[in-house]
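We have chain Y; now place chain R onto it with these hints.
Protein chains: 2
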Amino acid sequence: MKANNFKVRGFFFSGIPAGIKKDGKRDLGLIYSKVPAQVAGVFTTNAVKAAPVVLDRQRIKGGFCQAVVINSGNANACTGKEGLRDATQVTSWVAKELGIKEGAVLASSTGVIGVPLPMERMEEGIPRLIRALSPDGWMETVEAIMTTDTFPKVERATCRIKGRRVTISGMAKGAGMIRPNMATMLSFIVTDANIKTPLLQQMLVEVAELSFNRITIDGETSTNDSVLLLANGMSGHSPIGSKRDRDAARFQSKLLEVCQSLALSMVRDGEGATKLIEIAVKGARNRDEAKKAAYAVAHSPLVKTAFFGMDANWGRILSAVGHSGVRMDPNRIDVFFDRMPIVKSGRGVGGQREEKAGEVIKNKSFKVTVDLRQGEAEFSVFTTDLSIDYVKINASYRS
Amino acid sequence: MKANNFKVRGFFFSGIPAGIKKDGKRDLGLIYSKVPAQVAGVFTTNAVKAAPVVLDRQRIKGGFCQAVVINSGNANACTGKEGLRDATQVTSWVAKELGIKEGAVLASSTGVIGVPLPMERMEEGIPRLIRALSPDGWMETVEAIMTTDTFPKVERATCRIKGRRVTISGMAKGAGMIRPNMATMLSFIVTDANIKTPLLQQMLVEVAELSFNRITIDGETSTNDSVLLLANGMSGHSPIGSKRDRDAARFQSKLLEVCQSLALSMVRDGEGATKLIEIAVKGARNRDEAKKAAYAVAHSPLVKTAFFGMDANWGRILSAVGHSGVRMDPNRIDVFFDRMPIVKSGRGVGGQREEKAGEVIKNKSFKVTVDLRQGEAEFSVFTTDLSIDYVKINASYRS
Numbered sequence: 005m006k007a008n009n010f011k012v013r014g015f016f017f018s019g020i021p022a023g024i025k026k027d028g029k030r031d032l033g034l035i036y037s038k039v040p041a042q043v044a045g046v047f048t049t050n051a052v053k054a055a056p057v058v059l060d061r062q063r064i065k066g067g068f069c070q071a072v073v074i075n076s077g078n079a080n081a082c083t084g085k086e087g088l089r090d091a092t093q094v095t096s097w098v099a100k101e102l103g104i105k106e107g108a109v110l111a112s113s114t115g116v117i118g119v120p121l122p123m124e125r126m127e128e129g130i131p132r133l134i135r136a137l138s139p140d141g142w143m144e145t146v147e148a149i150m151t152t153d154t155f156p157k158v159e160r161a162t163c164r165i166k167g168r169r170v171t172i173s174g175m176a177k178g179a180g181m182i183r184p185n186m187a188t189m190l191s192f193i194v195t196d197a198n199i200k201t202p203l204l205q206q207m208l209v210e211v212a213e214l215s216f217n218r219i220t221i222d223g224e225t226s227t228n229d230s231v232l233l234l235a236n237g238m239s240g241h242s243p244i245g246s247k248r249d250r251d252a253a254r255f256q257s258k259l260l261e262v263c264q265s266l267a268l269s270m271v272r273d274g275e276g277a278t279k280l281i282e283i284a285v286k287g288a289r290n291r292d293e294a295k296k297a298a299y300a301v302a303h304s305p306l307v308k309t310a311f312f313g314m315d316a317n318w319g320r321i322l323s324a325v326g327h328s329g330v331r332m333d334p335n336r337i338d339v340f341f342d343r344m345p346i347v348k349s350g351r352g353v354g355g356q357r358e359e360k361a362g363e364v365i366k367n368k369s370f371k372v373t374v375d376l377r378q379g380e381a382e383f384s385v386f387t388t389d390l391s392i393d394y395v396k397i398n399a400s401y402r403s
Numbered sequence: 005m006k007a008n009n010f011k012v013r014g015f016f017f018s019g020i021p022a023g024i025k026k027d028g029k030r031d032l033g034l035i036y037s038k039v040p041a042q043v044a045g046v047f048t049t050n051a052v053k054a055a056p057v058v059l060d061r062q063r064i065k066g067g068f069c070q071a072v073v074i075n076s077g078n079a080n081a082c083t084g085k086e087g088l089r090d091a092t093q094v095t096s097w098v099a100k101e102l103g104i105k106e107g108a109v110l111a112s113s114t115g116v117i118g119v120p121l122p123m124e125r126m127e128e129g130i131p132r133l134i135r136a137l138s139p140d141g142w143m144e145t146v147e148a149i150m151t152t153d154t155f156p157k158v159e160r161a162t163c164r165i166k167g168r169r170v171t172i173s174g175m176a177k178g179a180g181m182i183r184p185n186m187a188t189m190l191s192f193i194v195t196d197a198n199i200k201t202p203l204l205q206q207m208l209v210e211v212a213e214l215s216f217n218r219i220t221i222d223g224e225t226s227t228n229d230s231v232l233l234l235a236n237g238m239s240g241h242s243p244i245g246s247k248r249d250r251d252a253a254r255f256q257s258k259l260l261e262v263c264q265s266l267a268l269s270m271v272r273d274g275e276g277a278t279k280l281i282e283i284a285v286k287g288a289r290n291r292d293e294a295k296k297a298a299y300a301v302a303h304s305p306l307v308k309t310a311f312f313g314m315d316a317n318w319g320r321i322l323s324a325v326g327h328s329g330v331r332m333d334p335n336r337i338d339v340f341f342d343r344m345p346i347v348k349s350g351r352g353v354g355g356q357r358e359e360k361a362g363e364v365i366k367n368k369s370f371k372v373t374v375d376l377r378q379g380e381a382e383f384s385v386f387t388t389d390l391s392i393d394y395v396k397i398n399a400s401y402r403s
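If you're matching them up, the sequences are chains Y and R in order. For what it's worth, my numbering labels the leading residue of the first sequence as 5, then goes sequentially. For what it's worth, my numbering labels the leading residue of the second sequence as 5, then goes sequentially.
So that you can see chain Y by itself, here it is in the shape it has in the complex:
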């Protein structure tokens, strides 16, 4: 996709190498709206939150944002009060250069943790970053937020709202674990729709639950995970403030499309991943139990290594479900690989049918359905296999 496909009215983008990453790649990015945008955000649930997350959570309460400054190569996490002071300082430099309010600037970081931000480089980089701003700068910003990602993660959608064409453009960086440090997923979504802040926030929370919160590489949440959604209203339609507005649903479904696509890209690019696997649990007593069982399977190193080895080891799936603590009867459970039954009432189907089902996991992408036959609730989650490369990537010395 070409960069100009991601253009959104009123937004400007840039990304430059500022010397934060050691390899000289782009590591400082900026998203700027010429008018203050309504803003929504969802953040890591980890009790250890990076400084920019602490700052952003506070600032989005104001409801508006005009710029987001993002760096890779340093997470500004576990950096104490100095870290928060540094993050604030960075937004202050950006605000001053752009001539906007400091409170309208958000920050995001990803990279090595426990190391102070290289403030001289940030200060030196910011004026260059701002000079580089362009409506066509999208892919430079995308590059600047990448770490171990092996490909850029972008998606867009358009729709008509109240007679105006509305664009939603999203970028993300890997849910895979970041070498040399911990998991971080960042996503920035910009739109020229005009959605009032409380509704925008509600929509983003709901959409995240069905996209970013449905993927898991290794069960960890990072100190820095952040999703920010900016809506600057420049498409010109009258504001939407309630779900009772019919156009609200149309916008939200497009937002969901973008976020699901970004989320799946992150799984596909999970560190060392060779497969994209949907784990669907149905027939649970309630949704919480369905979720618990789905995550137990999706996080099981034994299940994940079996998938990597293309071993249709359904016993490990049953054991993971059994271990999850949900109500189940091992003699009722059914398992399907795509649509092929492999376990019926807790027993392997055996023979050619089992062999045929076993073939499914040789595909790059497949679905595992576990039917507990206990009730009506279901939940599904996307994950990857656990490969030798995952260990290699994450075992490397920080360099």
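Hints listed in this document are in silico derivations from the structure and should not be mistaken for laboratory results. Do not take every clue at face value.
Identical copies look the same in the list; a pair holds intra-copy or inter-copy alike.
[Unchecked claim] Below, a list of computed lysine-lysine pairs in the BS3-like style, where the Cα atoms sit at most 30 angstroms apart:
(1) K200 / K38
(2) K368 / K396
(3) K396 / K360
(4) K105 / K85
(5) K26 / K360
(6) K396 / K371
(7) K396 / K366
(8) K360 / K25
(9) K26 / K366
(10) K85 / K296
(11) K100 / K247
(12) K296 / K396
(13) K25 / K396
(14) K85 / K25
(15) K85 / K360
(16) K366 / K25
(17) K247 / K348
(18) K26 / K100
(19) K371 / K295
(20) K105 / K65
(21) K295 / K247
This is chain R only, laid out in the frame that chain Y set:
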């Protein structure tokens, strides 16, 4: 250690190749007491329980056991009603050949799941197994229960109780994941002490909590996990029925020694493990939170791969604790590698001190202490690193 070190009065052991394993190694074992022994057992908490676990849980309620028949190469798990019928049949053959009650025979299995027991081989093997019984047969039984274990796991202890010399001998097989199948740990402990069944059971539960339940390779519990303790009273001392008996504590502390040693052997032999790591959490609000945090660190693939890579990546430890959901203040937490501080109040100690602490994880064995500084509770658990070989072993096709 020589086999005759493990002799216990009145016990006989054997282990033979019966053709259950494909490689022709010993795969059928028997432990026999010439008089009925008092028996205690702890079993997997997985909702999916193998047939022999279902059988044994029922039978130990009787309080006595005279023989345990164990096979490797087939777990008799996820085998439905036929599996339970098969396990019962095996104990019936053993009882008949030995001329004892069927209800006094317990069974254990480990190996591939979802495949029926090869009953012809079991039937053919049992008479040979019984003919091979000997007070010196200990190591043959140990061999017969091994699967991916790279070394036999045995421990013994002796003590004097009421003027009599009492011996406790224990054997175990790997907590590492079993190729080609799922995690199973089995342990069989025999003693000539005379401890009444209810007390024996209480002691075993308490000891297991401080030994077998303090180790974790990858957070999974198996369908087959079992620990059986047989006390035949042949040392001749008068029976102990209560903790008020001073000798009860002496016996239990020796039992703990044996079980802790077996448990650590299992961790050391965790599949692909290169390191033995104690994760100790202290300063938690309560014991549950200490436990939750300790397991979050011990199960984190990011922490475990960092240890494999000898990367003193303390940020991953903080993130794992933060992710665990326990009450904490990221700016209070301290972390030590052995006695060396690496994190103080949520920040890396930096410089030479941090480098020196980082050296610790180059050792084969070390302790990570996380002090939450929230309260007085603590909990510790032993684990391994996550290596490339772990993935290789567990990704292999079932053969």
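How the hints compare with the structure:
| no. | hint | result |
| --- | --- | --- |
| 1 | K200 / K38 | within (18 angstroms within a copy, 81 angstroms between copies) |
| 2 | K368 / K396 | both (21 angstroms within a copy, 19 angstroms between copies) |
| 3 | K396 / K360 | between (33 angstroms within a copy, 24 angstroms between copies) |
| 4 | K105 / K85 | within (22 angstroms within a copy, 71 angstroms between copies) |
| 5 | K26 / K360 | between (49 angstroms within a copy, 24 angstroms between copies) |
| 6 | K396 / K371 | both (27 angstroms within a copy, 23 angstroms between copies) |
| 7 | K396 / K366 | both (23 angstroms within a copy, 17 angstroms between copies) |
| 8 | K360 / K25 | between (48 angstroms within a copy, 26 angstroms between copies) |
| 9 | K26 / K366 | between (38 angstroms within a copy, 26 angstroms between copies) |
| 10 | K85 / K296 | between (36 angstroms within a copy, 28 angstroms between copies) |
| 11 | K100 / K247 | neither (37 angstroms within a copy, 74 angstroms between copies) |
| 12 | K296 / K396 | both (29 angstroms within a copy, 27 angstroms between copies) |
| 13 | K25 / K396 | within (21 angstroms within a copy, 33 angstroms between copies) |
| 14 | K85 / K25 | within (23 angstroms within a copy, 60 angstroms between copies) |
| 15 | K85 / K360 | between (58 angstroms within a copy, 25 angstroms between copies) |
| 16 | K366 / K25 | between (37 angstroms within a copy, 27 angstroms between copies) |
| 17 | K247 / K348 | neither (43 angstroms within a copy, 48 angstroms between copies) |
| 18 | K26 / K100 | within (28 angstroms within a copy, 74 angstroms between copies) |
| 19 | K371 / K295 | within (16 angstroms within a copy, 34 angstroms between copies) |
| 20 | K105 / K65 | within (15 angstroms within a copy, 74 angstroms between copies) |
| 21 | K295 / K247 | within (27 angstroms within a copy, 44 angstroms between copies) |
Going through the hint list in order, the structure does not satisfy hints 11, 17.
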